[in-house]
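Novice: Sequence:
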Amino acid sequence: MLHLQSRGDGLTFIVPFEPFAGNLVAGQMLLTRLIRDPAAPESERRYWAGSGIILSQDEGGALYEAARDWERNMEMSSGSLVLGDWQEFTKRFGHILLWVLAELRFAALLDAFAHIRYCNSDGQPNLYAVALYDQHEHARFEQELSEMTPFERADQVHPATGATGVTWFQRDMINQTKEIVARLTLTSSQLIVECDGPERLDSIKHRLASVFGFSLHFRGESVTPPTRKISAAELSSKKPLTLVVPEHEDHALLKQLLEKAYLEWSDQPHHLLEGQTPRHAMASQASRGRVATLIDEMEVNDPGVWRTGRPAFDYNILRSHIGIEESRGIRREQQV
Numbered sequence: 001m002l003h004l005q006s007r008g009d010g011l012t013f014i015v016p017f018e019p020f021a022g023n024l025v026a027g028q029m030l031l032t033r034l035i036r037d038p039a040a041p042e043s044e045r046r047y048w049a050g051s052g053i054i055l056s057q058d059e060g061g062a063l064y065e066a067a068r069d070w071e072r073n074m075e076m077s078s079g080s081l082v083l084g085d086w087q088e089f090t091k092r093f094g095h096i097l098l099w100v101l102a103e104l105r106f107a108a109l110l111d112a113f114a115h116i117r118y119c120n121s122d123g124q125p126n127l128y129a130v131a132l133y134d135q136h137e138h139a140r141f142e143q144e145l146s147e148m149t150p151f152e153r154a155d156q157v158h159p160a161t162g163a164t165g166v167t168w169f170q171r172d173m174i175n176q177t178k179e180i181v182a183r184l185t186l187t188s189s190q191l192i193v194e195c196d197g198p199e200r201l202d203s204i205k206h207r208l209a210s211v212f213g214f215s216l217h218f219r220g221e222s223v224t225p226p227t228r229k230i231s232a233a234e235l236s237s238k239k240p241l242t243l244v245v246p247e248h249e250d251h252a253l254l255k256q257l258l259e260k261a262y263l264e265w266s267d268q269p270h271h272l273l274e275g276q277t278p279r280h281a282m283a284s285q286a287s288r289g290r291v292a293t294l295i296d297e298m299e300v301n302d303p304g305v306w307r308t309g310r311p312a313f314d315y316n317i318l319r320s321h322i323g324i325e326e327s328r329g330i331r332r333e334q335q336v
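Mapping the sequence shown onto my numbering, position 215 (from 1) lands on 215, and the numbers just tick up by one.
Only true hints are included.
Ranges between beta-carbon positions, derived for each pair:
#, residue 1, residue 2, range
1, G275, S121, 42 to 48 Å
2, S237, E326, 48 to 54 Å
3, G213, S237, 39 to 45 Å
4, S210, Q176, 31 to 37 Å
Simulated pairs of lysine to aspartate or glutamate, EDC-like, Cα-Cα distance not exceeding 20 Å:
#, residue 1, residue 2
5, K260, D296
6, K239, D58
7, K260, E249
8, K238, D111
9, K91, E42
In case anyone wonders, no lab produced these hints; they're calculated from the structure. Remember, it's a predicted structure, so these values are computed and weren't measured experimentally. In this text, a Cβ means the ideal position worked out from N, Cα and C, and glycines have one as well.
Just need the whole structure built from these sequences, with the hints factored in.
Specialist: Set out below in structure tokens:
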């Protein structure tokens, strides 16, 4: 036999043992329905009306308080205080407990997903939220970004590629270690923003828009985290879940973004080509070299270079669209 106590009115009941209740331990809560003993309706003996849902003490307490709030709102709107009796309330509106439980668990699910930490194989945050811009005021951008907190300028060249862009990092304290949570890369024609989540990316985008306005030309973004199957035990953990993003998945997400962003690049006017499209600029011998240099710069500053040592996008696609000889570029340096 099991001895249960109602959270609503403190009454105690005796029920026969059932296998589903074998995992119950003292202090847990059980959402279930009990039926009176027809032969002795005033006794403490009850019978199960079905199975039950085992809840932690915190979850059960939150469920009870939320149901009581619903009950009080119902009493105020109806002008009837009859629902103050717990047994009367559960008899008429017991389904509300299931509805509230579904709401609480859905909210907990969203919260768990919102706090998932995506990291690389080295434990550093994975900067999967990326926005790509065109810009045409390099000197102004470099000055303004250098003065913008909390970004730290790092004039370093990627050892594998000789990247020409200027880079700024934002670091946050995570697990007692300062880790990179955002990276901004400025080239002669682009600004690439990489963050550890869409919330931080949105915040930085708003700051950039307020400072640079129409000098920024949005080209595309990706805020979808890597796909993962997560177990119920992982989601119910009180600690934030950490998921490692393999290099090939990180590369694939960047590739998808850049393929979409550069889909019509060859036929869009570019300020470094005096407003001509790259395709039209190729008709002039004087500007052919500038087009090739522009593509080379995009390749060595590709966001994939910082992550995997190689570009996420195949820039020979752009070269072939406008009649430039294909280059092995960074790939050749990786093989040496």
